[in-house]
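Asker: Here is how the chains run, residue by residue.
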Amino acid sequence: MKPLITFGFILIAALFVAAVFAPFIATHDHTAINIKEAYLPPSASHIFGTDSLGRDLFSRMVYASRVVLMTGFVAVGIAAVIGVVLGSFSGYFGGAIDSVIMRFTDMMLCFPVFFLILSVVAFVTPGILNIMVIIGCTSWMGIARLIRAEVLTLRTKDYVLAAKALGRSNVYIVFRHIIPNGLGPALVNFVFGIAGAILVESALSFLGLGIQPPDPSWGNILLEGKSGMGVAWWVSVFPGLAIFFTAFGFNMLGEGLKQFFNPRLKR
Amino acid sequence: MKKILEVENLRISYLNNGSRTDAVKDISFILNENEVLGVVGESGSGKTVTALSIMRILSHEANISSGRILFEGKDLLSICEKDMENVRGRNISMIFQEPFSCLNPVMTVGEQIGEIYRFHELSAGCEIKKQVLQLLEKVKFAMPEKTYDSYPHMLSGGERQRVMIAMSVALDPRILIADEPTTALDVTVQAEILRILCELKKECGLSMIFITHDLGIISKIADRVMVMKDGKIVEENTKSGLLSKPKEEYTKRLISAAMHLSSGAAETAGENSNAVIFEARNVTKSFPIEKGILRKETGRFYAVKNVSFAVRKGVTAGLVGQSGCGKSTLAKIILGLEKPDSGQILFEGGDITNFYSRRVRGMMQIVFQDPFNSLNPGMRMRDIVLEGTHMLKLDAGSREDILRDVLGKVRLSYNDRFKFPHQFSGGQRQRIAIARALAVRPSLLVLDEPVSSLDVLIQQDIIALLKKLKTEMGLTYLFISHDLGLIKEIADEVYVMNEGIIVEHGTVEDVYYKPKDTYTKKLIESVPVLTKLTGGK
Numbered sequence: 004m005k006p007l008i009t010f011g012f013i014l015i016a017a018l019f020v021a022a023v024f025a026p027f028i029a030t031h032d033h034t035a036i037n038i039k040e041a042y043l044p045p046s047a048s049h050i051f052g053t054d055s056l057g058r059d060l061f062s063r064m065v066y067a068s069r070v071v072l073m074t075g076f077v078a079v080g081i082a083a084v085i086g087v088v089l090g091s092f093s094g095y096f097g098g099a100i101d102s103v104i105m106r107f108t109d110m111m112l113c114f115p116v117f118f119l120i121l122s123v124v125a126f127v128t129p130g131i132l133n134i135m136v137i138i139g140c141t142s143w144m145g146i147a148r149l150i151r152a153e154v155l156t157l158r159t160k161d162y163v164l165a166a167k168a169l170g171r172s173n174v175y176i177v178f179r180h181i182i183p184n185g186l187g188p189a190l191v192n193f194v195f196g197i198a199g200a201i202l203v204e205s206a207l208s209f210l211g212l213g214i215q216p217p218d219p220s221w222g223n224i225l226l227e228g229k230s231g232m233g234v235a236w237w238v239s240v241f242p243g244l245a246i247f248f249t250a251f252g253f254n255m256l257g258e259g260l261k262q263f264f265n266p267r268l269k270r
Numbered sequence: 005m006k007k008i009l010e011v012e013n014l015r016i017s018y019l020n021n022g023s024r025t026d027a028v029k030d031i032s033f034i035l036n037e038n039e040v041l042g043v044v045g046e047s048g049s050g051k052t053v054t055a056l057s058i059m060r061i062l063s064h065e066a067n068i069s070s071g072r073i074l075f076e077g078k079d080l081l082s083i084c085e086k087d088m089e090n091v092r093g094r095n096i097s098m099i100f101q102e103p104f105s106c107l108n109p110v111m112t113v114g115e116q117i118g119e120i121y122r123f124h125e126l127s128a129g130c131e132i133k134k135q136v137l138q139l140l141e142k143v144k145f146a147m148p149e150k151t152y153d154s155y156p157h158m159l160s161g162g163e164r165q166r167v168m169i170a171m172s173v174a175l176d177p178r179i180l181i182a183d184e185p186t187t188a189l190d191v192t193v194q195a196e197i198l199r200i201l202c203e204l205k206k207e208c209g210l211s212m213i214f215i216t217h218d219l220g221i222i223s224k225i226a227d228r229v230m231v232m233k234d235g236k237i238v239e240e241n242t243k244s245g246l247l248s249k250p251k252e253e254y255t256k257r258l259i260s261a262a263m264h265l266s267s268g269a270a271e272t273a274g275e276n277s278n279a280v281i282f283e284a285r286n287v288t289k290s291f292p293i294e295k296g297i298l299r300k301e302t303g304r305f306y307a308v309k310n311v312s313f314a315v316r317k318g319v320t321a322g323l324v325g326q327s328g329c330g331k332s333t334l335a336k337i338i339l340g341l342e343k344p345d346s347g348q349i350l351f352e353g354g355d356i357t358n359f360y361s362r363r364v365r366g367m368m369q370i371v372f373q374d375p376f377n378s379l380n381p382g383m384r385m386r387d388i389v390l391e392g393t394h395m396l397k398l399d400a401g402s403r404e405d406i407l408r409d410v411l412g413k414v415r416l417s418y419n420d421r422f423k424f425p426h427q428f429s430g431g432q433r434q435r436i437a438i439a440r441a442l443a444v445r446p447s448l449l450v451l452d453e454p455v456s457s458l459d460v461l462i463q464q465d466i467i468a469l470l471k472k473l474k475t476e477m478g479l480t481y482l483f484i485s486h487d488l489g490l491i492k493e494i495a496d497e498v499y500v501m502n503e504g505i506i507v508e509h510g511t512v513e514d515v516y517y518k519p520k521d522t523y524t525k526k527l528i529e530s531v532p533v534l535t536k537l538t539g540g541k
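Residue numbers (this note's numbering), protein chains in the order written: chain X, 4 to 270; chain U, 5 to 541.
Keep in mind that the hints were calculated from the coordinates and are not lab data. Check each hint, because a few of them may be wrong.
Capping the alpha-carbon separation at 20 Å, the derived lysine to aspartate or glutamate pairs in EDC-like fashion look like this [to be verified]:
hint : chain 1 : residue 1 : chain 2 : residue 2
1    : X       : K167      : U       : D387
2    : X       : K167      : U       : D374
3    : U       : K233      : U       : E207
4    : U       : K133      : U       : E115
5    : U       : K206      : U       : D190
6    : X       : K5        : U       : E65
7    : X       : K160      : U       : D374
8    : U       : K134      : U       : E115
9    : X       : K160      : U       : E453
As the structure is a computational prediction, the values presented were derived from the model and not from experiment.
Using the sequences and the accompanying hints, generate a full structural model.
Answerer: This is the structure:
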């Protein structure tokens, strides 16, 4: 298991480097159209080839990694905030508050998430920000449930009772004692969530409902590649591989974290 | 006497973050036939690791780096796993501290014991049941037939441990290793288990290695004693020799600590005023008993039944009882962490049953049993200690003064204030918990088993600290414990609680030497007392 986790970690690190230093890494201007150079196969001057408008594919993919990482992190960030707050209040207070929050969570879980997103997307203008918010608002349920379960055991801890005996308020206890201690196991879930969010974003962009050209995203490059599949395999294959390895990398990273938090899984 | 087991130069190391640390350092000892060898030591002294290595069931991280374990001339460390399987159970068997986690919850007791015979292919179907019933009778089950068909959760802790004992002696082993077999049990149950073990020893000619931290138990059961510390054998002697003429300084300290706790007389109350600081009147608390997946309420369990008591200012009141008797629930009700069903709680004469103001909260504080559970692992010591001071509305400077003052009182270093709880030892952690309670200047301190999870030397240290703090700060204590010796040492008056009811109340002298209630009598008789032995046998 260990080498795979290291490999995943390297993949993610490389992705971060690509996103942060995109202007230095990109070999060409990623928006420059040059019809004369359309569908050039991979070569020394265009390492991943060019697309139907003659844009350098490698440069476009490097810039797209910014979009990909941003959607992944921001979407999970939104989901985490909603999930952690709802989950901890639900678990800590119990009773009616718990019932209301948990039934709402169950209701959200009843919708097939992807179709829920598709129907919401139909009402808003597609764009990076909207996509991030929509993915975030539809993927917090797992986190909420996980946190709630964690809080149910934390709230009987003696240090919580001691804080109550010291006259501390419930809100203080939730934010000072409950959330910091319940977050560890949920952190693993966040990392897996990033992989999921990236896949959802790619799928939406591929369907033309996500990030809109000229902003590059691996999903919409893949969409462009579909029409020219017969003549230019590289336009589909490289973004496809990028999506695959990114999802794989985040899953491995999550696995690594899981073992870090639960040493019993180490072998 | 004939040697049955011989351990030579045993060294066991653990892999810890890449480096190896020795848990057991070159120890050698022998076990004679028909003898009980007591192994005493504080937690982390290597007692259990030694026992596990004899059975060869150490975890993966542990490694036996050198030594020999000779059983009837054979080196158990060099034989193959297949042969070792025949040694376990048939020749050497073991019982553990926590009987519940050793039993399979979905198999009946009879099936589990019978499995041993089936596994070792010793007898046929109908024979097995007969043998199992005989075994259950041996460990004093009144109705073996009924126990045979019971599941582990239907049995009490003591009964489960008896089942474990039955399983361990099923194949007539020569040696029984008992690793703290009574630590998780109440004192009356403990006495019974010890009696059964003694009888089995006589009946089956067992040799025993008995691991415990309690010198009182050792004085009851052992023939010879071995004291361990930091993976080494500090002293080895006959029981009477060890208790009357201990050679090593460490052993002397252990014995005097145990003596102190079991026979120490209470000091007179410092301030013998009659002002009642705290009073509970007819307090009752019950919990619903729920059954089935629909959680239908089928009845109520009364944790605290119509309890009344009063604590006078400056007095240490002891509340004693076995696990599950309702002491901890009562403590929570007193502090307003649980609401009673009925009854009144009075503090300094005012009724606070329904409203615990911040002032009242600050006046009464609690220290919990397990210091690993009562401190938030993610907070620094300074923040933990000052957690309650928000209600005093102070500026940063005077908060720092309080911190310095209270840390000085509990003898913790001010320089350690930015450390996290895991960087402190168990005793230090309990001091932090005490400091947190004292930082808000309470007048009543509820101590819920404050030393039960600590080693005996540290226990004494904390008790001494509590006594000192009491006189220094004019505190009133409500000291809750299952340990009668401890209560006797610290309390001025005692309440005995059983099944939610206070069965007896009086001064320490009255309750201990002239108990009126039958339950109290039984409780006091069961305590294994370490009596000073004069001279050898």
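Asker: Going through the numbered hints above, which ones does this structure break? Give me the numbers in ascending order.
Answerer: The structure conflicts with hints 3 and 5, although it agrees with all the remaining ones.
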